[in-house]
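Peer 1: Below are the chains, spelled out letter by letter.
There are 2 protein chains.
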Amino acid sequence: MKIGIDVGGTNLAAGAVDNNGQIVHSASTPALPENGYASMVDSMAALADELAAWVKENAPEDPVTEIGCGIPGIISRDGATVVNAPNIFWKNEPLQKDLSDKTGLPVYLANDATVAGIAENRFGSTKGFDDAVMYTLGTGVGGCVIINGKIVNGAHGVASEIGHTLDGKNFYTCNCGKNGCLETYASATGLIKRAQRLISEGMQSSILDLAGGDPDKITAKMVLDAAKAGDEVGTECFEIMVDKLTNSFANVIDLIDPAVFTIGGGVANAGDFLLDALKDGMEGKITYPELVDPDIRLASLGNDAGIVGAAYVGDYIVKK
Amino acid sequence: MKIGIDVGGTNLAAGAVDNNGQIVHSASTPALPENGYASMVDSMAALADELAAWVKENAPEDPVTEIGCGIPGIISRDGATVVNAPNIFWKNEPLQKDLSDKTGLPVYLANDATVAGIAENRFGSTKGFDDAVMYTLGTGVGGCVIINGKIVNGAHGVASEIGHTLDGKNFYTCNCGKNGCLETYASATGLIKRAQRLISEGMQSSILDLAGGDPDKITAKMVLDAAKAGDEVGTECFEIMVDKLTNSFANVIDLIDPAVFTIGGGVANAGDFLLDALKDGMEGKITYPELVDPDIRLASLGNDAGIVGAAYVGDYIVKK
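Line by line, the protein sequences give chains A and B. This note's numbering puts the first residue of the first sequence at 22, with every later residue one more than the last. This note's numbering puts the first residue of the second sequence at 22, with every later residue one more than the last.
Don't take each hint at face value.
Chain copies aren't distinguished; within one or between two, either way the pair holds.
[As the list claims (entries may be wrong)] In silico BS3-like links for lysine-lysine, alpha-carbon gap of 27 Å or less: (1) LYS340 <-> LYS171; (2) LYS123 <-> LYS340; (3) LYS123 <-> LYS190; (4) LYS171 <-> LYS112; (5) LYS148 <-> LYS118; (6) LYS214 <-> LYS190; (7) LYS171 <-> LYS148; (8) LYS148 <-> LYS340; (9) LYS300 <-> LYS190; (10) LYS123 <-> LYS77; (11) LYS340 <-> LYS238; (12) LYS300 <-> LYS242; (13) LYS340 <-> LYS300; (14) LYS148 <-> LYS249.
FYI, nobody ran anything at the bench for these hints, they're computed from the structure.
Take the sequences, apply the hints, and build the full model.
Peer 2: Set out below in structure tokens:
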């Protein structure tokens, strides 16, 4: 049994996860990042202790062997330190050692988008593949790169930041300060901003009706639903997203050639409409079409992926 | 001692390479690809046998343990098969087994651009780094991606094809059939084609003087020398190349975050002029500038890299 802890800005959600990826028992507590790092580590250790005690009582044949954590931030190459997690105000915190000291268990850390990719690789849409890349299309665009069965964390911990790869210039600058980031074309935020802009420029769109006439109430789902229905604004937003995502897939193939791609996050709820467009969009972008027929899938795990993936981080880290 | 064989369309060049990356004895023979695969394997085996015999006689304390080959083509993920090597007319050839059967030694295969990156990583500019990416800027643009001390070959063998990553649209279509490949901006060919085009459009340039008035005689060195001297056409070619290469470096950092980049090939002979421009060109393209100060270097090994890198392929392959 492994314990997974999904660290968020609002809640710390933890679970005891068995070999089949089932959460056999879970527990959560408010994150309270304003109380500081040490207090949060205490809360995490308390959750882990609670779960370990439950396992000892209820599943003594399968004792807890390790803890994994999904962190909303950057993890050092060796997996020991949270370099920067702005949402919870952490900077250079030695979480691996601190949580291990408190719980007496090995601790492994990964970025939260990486953790989602681990869950998919172990129990979901990319199961069975040693080389897999996940794109999480949410408020931003997160990524998980798995090569030879291990996550790629990078020399400075900033690998798998697929959302910030550059492709031309966009009409607005990314939060990161750069212009042209994939995230500004392919996130929920990017879809909403483009729809708002096209409508403000005078294009007629059913999206505005869906939003009750208030552009500030436009959601990514409205843009995607409008695209499905053939709305001009929705279609333009959708087609630009698909073009930029398929450019990115093609470039990732040329660089690391994964066996499979999977897409998750709220935008991926567009389902087969998005998946089919992505598959069609790869046409003409593959360097060796006779060798590579890109395998693109929809993520198959739901909300539990944060805990389940966290529990299995240890299996995906290169241990020296 | 290891044997490295650099397979080219003209020659098969082989060497016995010691632990310090020194070629202690070498041998070569015409490649004669028109005689077919089996004949070429015979020639490779004969070279290996000759070198092994030399080592047995002259360096008996350090016997030959394995053979590595650099191949101008695509190698399967497991390193066993040459999937496609158009210059020498090979397709799906099981070279690992065939050469091993003939020589009685373990055989390891890699693409020739990958082999150059291995040589740099073991004995040259990226020595000591587990995560390194090499760009070879020659007639085309080749790549070598090393993560956790192993080369990334890809699920279909087509990884490290950095030259075919897309960045916008260019004025001509790449040999691969796509438009916008890095190689069309940053190879010797790309530099020459752009200079020819700008001159044909009427721009005045010292490059034409260097080429004796004949646009067909323009070389990449002429374009780069003109750029150094401030020539307008040379500068435009150079600046576009630098912009596209630095976009690519930035995207590679966001995806796999290597510790170091190195550039080789004929275009890299522009030396510090190119290196300084690349370093300056990264400004504003890094997602986490507070964490990543890109380390970009010039390849340090010369013509021997093909043999030396080939000899060490076995150390860079994930063995299951």
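Peer 1: Now tell me, hint by hint, if it's right for this structure.
Peer 2: Results for each hint:
1. LYS340 <-> LYS171: Answer is both; intra-copy 10 Å and inter-copy 15 Å each pass.
2. LYS123 <-> LYS340: Within one copy only: 22 Å inside, 38 Å across.
3. LYS123 <-> LYS190: Classified as neither: same-chain Cα gap 48 Å, cross-chain 55 Å, threshold 27 Å.
4. LYS171 <-> LYS112: Answer is within: at 25 Å inside a copy they meet the 27 Å cutoff, but 31 Å across does not.
5. LYS148 <-> LYS118: neither (30 Å within a copy, 30 Å between copies)
6. LYS214 <-> LYS190: both (15 Å within a copy, 25 Å between copies)
7. LYS171 <-> LYS148: Both. Shortest intra-copy (13 Å) and inter-copy (23 Å) distances satisfy the 27 Å Cα cut-off.
8. LYS148 <-> LYS340: Answer is both; intra-copy 22 Å and inter-copy 21 Å each pass.
9. LYS300 <-> LYS190: both (24 Å within a copy, 21 Å between copies)
10. LYS123 <-> LYS77: within (18 Å within a copy, 59 Å between copies)
11. LYS340 <-> LYS238: Neither: 47 Å inside a copy, 54 Å across copies.
12. LYS300 <-> LYS242: within (21 Å within a copy, 42 Å between copies)
13. LYS340 <-> LYS300: neither (36 Å within a copy, 33 Å between copies)
14. LYS148 <-> LYS249: neither (30 Å within a copy, 52 Å between copies)
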